[in-house]
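For reference, the chains in residue letters:
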Amino acid sequence: QQQVKQSPQSLIVQKGGISIINCAYENTAFDYFPWYQQFPGKGPALLIAIRPDVSEKKEGRFTISFNKSAKQFSLHIMDSQPGDSATYFCAASITGAQKLVFGQGTRLTINP
Amino acid sequence: DAGVIQSPRHEVTEMGQEVTLRCKPISGHNSLFWYRQTMMRGLELLIYFNNNVPIDDSGMPEDRFSAKMPNASFSTLKIQPSEPRDSAVYFCASLQGGSYNEQFFGPGTRLTVL
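Going down the list, the protein sequences come from chains A and B. Sequential numbering from 1 applies to the first sequence in my numbering. Sequential numbering from 1001 applies to the second sequence in my numbering.
In short, the hints are calculated from the structure, not lab data. There could be a bad hint or two in this list.
Straight-line alpha carbon distances no greater than 30 Å define the calculated DSSO-like cross-link-like pairs of lysine-lysine that follow [unchecked claim]:
hint : chain 1 : residue 1 : chain 2 : residue 2
1    : A       : 99        : A       : 15
2    : A       : 42        : B       : 1024
3    : A       : 57        : A       : 15
4    : A       : 57        : A       : 5
5    : A       : 99        : A       : 71
6    : B       : 1024      : A       : 99
7    : A       : 42        : B       : 1068
8    : A       : 68        : A       : 5
9    : A       : 58        : A       : 15
10   : A       : 68        : B       : 1068
11   : A       : 58        : A       : 5
12   : A       : 99        : B       : 1078
13   : B       : 1078      : A       : 15
This structure is a prediction, so every number in the text was calculated from the model and none was measured.
I would like the entire structure built from these sequences, with the hints used as guidance.
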């Protein structure tokens, strides 16, 4: 019940296309859903996060869509660029619990 | 702020040797996390501390692993004796606490056990 399942494991998108990564969770107590971005040789860094009181959050080309009833959330990258090539992790936590449960990660490659 | 600092950045050792990884969290952050990343298992939480006290060590693989946080600005993760299957990238992260949920990760230590 503590797991967060992420798909796909890897994704190749053409420059200018839309990249979509999906995550699903079981624990209905989760109330904080961040996405982390990791470049090779670096640690993960927070990209964007959402709480379940909204169904969508947008920051520039990055959007999180959240479906509370389905217990799913997804990251959409519009107008994908080669510089977006990285590994993306979804995660979930309970406010106050501090501990993040991470998905398995998606390796995104944007072809020029 | 310099961010989370980890040392060494790379460590190559032989099976059976003791390995100590070090972490300096961001000043003012009151929670610290140790993660291990491998291709097979992804990003795994090993242990985390809140106000220097270990809160959850359920991810520590076995007794060969130990972690300490003697003060708010320093933590160590020790593996004794090390084994080839411990080869991975180990990350330290810190979190401010309160209403702030963002974990800030260090650059990681790439450990290779021969």
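Hint check:
1. A/99 / A/15: Not satisfied, since the Cα-Cα distance of roughly 35 Å exceeds 30 Å.
2. A/42 / B/1024: Holds. Residue 42 of chain A to residue 1024 of chain B sits at ~16 Å (cutoff 30 Å).
3. A/57 / A/15: 23 Å, holds
4. A/57 / A/5: 21 Å, holds
5. A/99 / A/71: Measuring from Cα to Cα gives roughly 19 Å; hence the hint holds.
6. B/1024 / A/99: 19 Å, holds
7. A/42 / B/1068: 24 Å, holds
8. A/68 / A/5: 15 Å, holds
9. A/58 / A/15: With Cα atoms ~20 Å apart, residue 58 of chain A and residue 15 of chain A stay inside 30 Å; holds.
10. A/68 / B/1068: 38 Å, violated
11. A/58 / A/5: 22 Å, holds
12. A/99 / B/1078: 21 Å, holds
13. B/1078 / A/15: Violated. Residue 1078 of chain B to residue 15 of chain A sits at ~44 Å, over the 30 Å cutoff.
In this structure, the earlier hints numbered 1, 10, 13 are contradicted, and the remaining ones agree with it.
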